Amino acid sequence: MIAKKDNLLPAALAVFLHVVVFGSLVVVLDFDRRPDIAMPLAINATLVTENAVVIPPQVETPPKVEPAPPEPDISEQQRLAAEQQKREADARLERERLQKIERAKTEAEAEKRRKQAEEQRLAEERRLAEAEKQRLADIERQRLENERLRKEAEAAARQEELDREAQRVAAITASAKAAYIFAIQQKISRNWVAPANVAVGLECTIKVQQAPGGEVLNVSFGPCNGDATIKRSIEAAVYKASPLPAPRDPSVFDRNLTLLFKPEE
Amino acid sequence: MRQHICKLFLLTVLLGNAAYAELVIQITEGIKRRPVAVVPFGWEGSAPAAPLDVAKVISDDLNRSGRFAPLPIGDMLQRPTNGADVDFEDWSVLGMEAVVIGKVTQDGENAYTVQFQLFDVYGRDQLVGYRMPASRGTMRRVAHRAADMIYEKLTGIKGVFDTKVAYVTTQARGNGKLFSLYVADQDGENETVIMESKDPIMSPAWSPDSRRLAYVSFEGNKSSIFIQTLRTGNRIQVSSKEGINGAPAFSPDGRQLVVTLGGADGNPDIHVLDINSRQSRRLTTHRAIDTEGSWSPDGRYIYFTSDRSGGPQIYRVAAGGGTPERISFEGSYNARPRLSPDGTRLAMVHLNRGNYQIAVMDMVDANRRDLLIVSAGKQDESPSFAPNSDTLIYATRATKNGVLETVTADGLIRQQLASGQGDVREPVWSPFQNF
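Protein sequence lines, in the order shown, are assigned to chains A and B. Residues 170 to 434, numbered by our numbering, are exactly what the first sequence covers, in order. Residues 1123 to 1557, numbered by our numbering, are exactly what the second sequence covers, in order.
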């Protein structure tokens, strides 16, 4: 199947090349002959004679012979005879001229038809070649498209595998991180003495900077809807929780923590 | 189960790294359970079915650990029993991380072979696989062992499914009470009465080889310490001195007990008792109460509770004797110290805002000793580490009765155990069973 398809291109190219070569020959001949058609009267006699066979000799009505007046005079008769001869010669020439024109016309007609046919043939061949080219291009495009889809699917599968592997690794290390966060959260909460005016809906973001040993270096407030008393109590809880718990897995440690306080009930 | 995190208030910690955004979710929703599939095992034998649904035992173990979410059997696209039949694509589509398959083959009247294989769906290869001989009597243990191997492969933490728990229950019986000492598989199966009495039974403790239990009995209206061999039921009385005989714990070599003896003057102190010779050696002499002694796994220290500073706090003293050193400082009440078998954590009962809860102290850095509260009850008691040091068991009050709970030492996974009759107290987790 594939081998066949592969052969198609060279074969088509060969055919196309032949068409082009022979077609160009025809076109060259064509140019050579064009002047003949342009000079119908300058054709020499040999050609006429040779082609006379093709032309029915009596196509044209022969010129009528004029009834000659009686001419008693010999010289008159001789003159008349000469005239007659000349007329006949003229008529013959005229006939020949007409024949020649007719023949040239026919020939031009034939040449035109032949040329049209040739052009049609060439057009057909070009059309076929074009169709073949199109077909091959379609096949190639389809192949590329399939290749692209296959690569995309492969990449997606690979990515999925990577994602899930990452998830798996995350699941394994997540407990270490989760445990660390839980421990920090709990130590601060244990050290928090809630003021009497804590209302439901309190929400405070604070940023805590800690030293590698867990010592709290700085506490600053982000958005917070609590009053100064509440802020002080939260700040005190963080400092009282210092040093913050150390993670079992040191890679989980982070110097900068963002804490979100949200009392419930 | 995760509610305790939010009850007081929700404090979300966002670490500077953007990747930590997902961790916030993990905190409030608990540890994400990993999807695994345990395919029903094949059966080749004369009876219509295997004597035990081994796959169910494994699946239940993984589920109970809180770290895995086994796929319901009905959702399985295939149920292979041979490794060659495992289509990883199918399991991948279902989002499974790992697949367990296996079969039970009958070799004789009461002789079977249990075979299991664990496959990694991503890596598309086998992680572990074994064939184990079993009888009808041992098949459940064999299934737990398979679960242990699977769990360790997937988490890096040793499994404790093939371990036991001892505990004391109290039930009303006639006008009085019935005290029972039980041993059960860690999943609550095979509950067996070790000792029953109308007088109180207290403070069970496992020997390091997990073949014996020491406990305190008040039979005859006085306290005595007994050591009972589980297989035979034989027991010996090792201490019945005047006054208090309490709180026994085995030394790591199993030859000694640390006990609390009250003596004639009624002042409880820590003693070390040689089991063979019955000779005891006094370790503390303070006039305050010193009790609840336990050995460090390396045998160098004995940790105990003392109220010499006013309220109860944790102290430790060199096993050979010396000056006690205070260990706990946070809070007004810290008692009943138990070190994890790996020595990195110390569990205790901690008074937290009026509630007695289980706390775990990090012992890795002597300068830090971070304390983490891992339980959420009002009257939690008697923490005891599983032999893998990763999980603890303790008793908590549900309505009137005590029930058992387990929690991971990081406080993230807490589970209630289906426990036996009446008021369940003083659970102690066995060491690894090496027989």
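Any given hint might turn out to be false.
As the list claims (entries may be wrong) - BS3-like, lysine-lysine: derived pairs with alpha carbons at most 27 angstroms apart: (1) A:Lys431 - B:Lys1286; (2) B:Lys1286 - B:Lys1522; (3) B:Lys1320 - B:Lys1344; (4) B:Lys1320 - A:Lys431; (5) B:Lys1299 - B:Lys1320; (6) A:Lys409 - B:Lys1500; (7) B:Lys1286 - B:Lys1275; (8) B:Lys1178 - B:Lys1320; (9) A:Lys400 - A:Lys431.
To be clear, the hints were calculated from the coordinates, so they are not data collected in a lab. Remember, predicted model here, so these are calculated numbers, not experimental data.
Status of each hint after checking the structure:
1. A:Lys431 - B:Lys1286: violated, 41 angstroms
2. B:Lys1286 - B:Lys1522: Holds. Lys1286 (chain B) to Lys1522 (chain B) sits at ~25 angstroms (cutoff 27 angstroms).
3. B:Lys1320 - B:Lys1344: OK: Lys1320 (chain B) and Lys1344 (chain B) at ~13 angstroms, within 27 angstroms.
4. B:Lys1320 - A:Lys431: With a Cα-Cα distance of about 51 angstroms, the restraint between Lys1320 (chain B) and Lys431 (chain A) is violated, given a limit of 27 angstroms.
5. B:Lys1299 - B:Lys1320: holds, 6 angstroms
6. A:Lys409 - B:Lys1500: OK: Lys409 (chain A) and Lys1500 (chain B) at ~25 angstroms, within 27 angstroms.
7. B:Lys1286 - B:Lys1275: holds, 21 angstroms
8. B:Lys1178 - B:Lys1320: Violated: Lys1178 (chain B) and Lys1320 (chain B) sit about 38 angstroms apart, past 27 angstroms.
9. A:Lys400 - A:Lys431: holds, 13 angstroms
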